[in-house]
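Enquirer: These are the residues of each chain, in order.
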Amino acid sequence: MRRYIHLKTDKLFTDITPEVSDFIKDQGDGLVHVFSPHTTLAIWLTENELLHHADVRFFLDANAPISKEPEGLQKNTKYLHDMISLRNDVPEDERINGHSHIRYLFFNSSETIPVADGNLMLGEWKKIFAVELDPVRQRKIICTFTAT
Amino acid sequence: MRRYIHLKTDKLFTDITPEVSDFIKDQGDGLVHVFSPHTTLAIWLTENELLHHADVRFFLDANAPISKEPEGLQKNTKYLHDMISLRNDVPEDERINGHSHIRYLFFNSSETIPVADGNLMLGEWKKIFAVELDPVRQRKIICTFTAT
Amino acid sequence: MRRYIHLKTDKLFTDITPEVSDFIKDQGDGLVHVFSPHTTLAIWLTENELLHHADVRFFLDANAPISKEPEGLQKNTKYLHDMISLRNDVPEDERINGHSHIRYLFFNSSETIPVADGNLMLGEWKKIFAVELDPVRQRKIICTFTAT
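Top to bottom, those sequences are chains A, B and C. Just so we're aligned, residue 1 is where the first sequence starts under this note's numbering, counting upward by one. Just so we're aligned, residue 1 is where the second sequence starts under this note's numbering, counting upward by one. Just so we're aligned, residue 1 is where the third sequence starts under this note's numbering, counting upward by one.
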């Protein structure tokens, strides 16, 4: 069984636990796989605590900072990916997002969560987040349930 | 098929390969999913080599150091999550663990491993570890087998 | 259903999307699990863009540099794992690869990808890569398809 979740991401962390819960609520025991087909939207399980989310933002800003002058080989150029003039076949709507691709190293393309009798076995504190590493975008997430 | 592994974590890496192997030993071909429902206990596959484990500890201490003075905005404050006095709905047993949540970025909530005729296909060097990012705790891990 | 992909890795990123696509092309709907049984070969989904791959290389070199003098406790010793003379049971073909094991923290042992009617649901830009963190090696990857 499969369902898309459509969302417009307007911040780093969007809690999609309610949508995933709704998808599996009539199922029995099994596993739900939550997958992002986008290269700069990730899936991650963590606590829904705003100051922790701010800590993640600071961590990313420190460890994979955004390019300030992508086209110059100056001090603030951070990513070759952002030197658009060097690349072939650049999409028309390409963004300066070398940092987004590097930040992806800290997250996941998907998470798989056990389901018992139509309920997510997430424990007390874990929630399912869509992690937006680019500016606001329309996104889709693919959920797949496997019975066991 | 599903089984809980209960364990008291007394160090960073606890090898849970024997428990997972025991769980799937009477199964045929498929996949085993090993999941942590805790926000500061991760699952990771790596070599069971003590000096490598020490390297991981040093890496984490360097890249996501523990807060020394969580309640002050001093030099050693590292994480907003640790400024308990700013937060609502703080659990009674909350710990100073902003660093634990950030360290989670380097690990996984779950690992999925192929199974052939009741045996883990882990290769020669990979073992399954529960990675404890908080102090000693009583934990549980959820294992799910899917036949293919 | 299961298949091995055999490959000789001669660079950091090897695109294995064609091999995985071929494996699932006669299947219906489900999930494909792509697993590395090696401790220094990872699986990762990202864009097939050469300058981005160079950015990842620079990021790894900066954040988990290779040891220059593994056997000395000098300034350039980075990893205890590389001090072979301290370890028991060292494999005959052991390499100086403490950095490779630490770099594994940024990648995954496996990725799971949705399949619809024999096609990978990877989106427009994601491709499946084998990420080689050691020098050139003969490797194998285990693919498992689960129908849903």
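Think of the hints as simulated: they come from the structure by calculation, not from any bench. Source: prediction; values computed, not measured. Check before you lean on any hint, since a few could be wrong.
You can't tell identical chains apart in this list, so a pair holds if it fits in one copy or across any two.
Said to hold, decoys possible - No farther apart than 27 Å at their CA atoms in a straight line, the calculated lysine-lysine pairs in the BS3-like style are these:
| id | residue 1 | residue 2 |
| --- | --- | --- |
| 1 | K68 | K140 |
| 2 | K25 | K68 |
| 3 | K25 | K140 |
| 4 | K140 | K127 |
| 5 | K68 | K11 |
Enquirer: Work down the list of hints and note, for each, if the structure agrees.
Expert: Each hint, compared with the structure:
1. Taking CA atoms no more than 27 Å apart as the test, K68 paired with K140 passes in neither setting, with 29 Å inside one copy and 41 Å between copies.
2. With identical chains, the CA atoms of K25 and K68 are never at most 27 Å apart, being 46 Å at best within one copy and 44 Å at best between copies.
3. Taking identical chains as interchangeable, the C-alpha atoms of K25 and K140 lie at most 27 Å apart whether they share a chain (20 Å) or sit on different chains (24 Å).
4. When the C-alpha separation of K140 and K127 is checked against a cutoff of 27 Å, the pair qualifies both within a copy, at 18 Å, and between copies, at 17 Å.
5. With identical chains, the CA atoms of K68 and K11 are at most 27 Å apart within one copy only, with a shortest distance of 21 Å there and 30 Å across copies.
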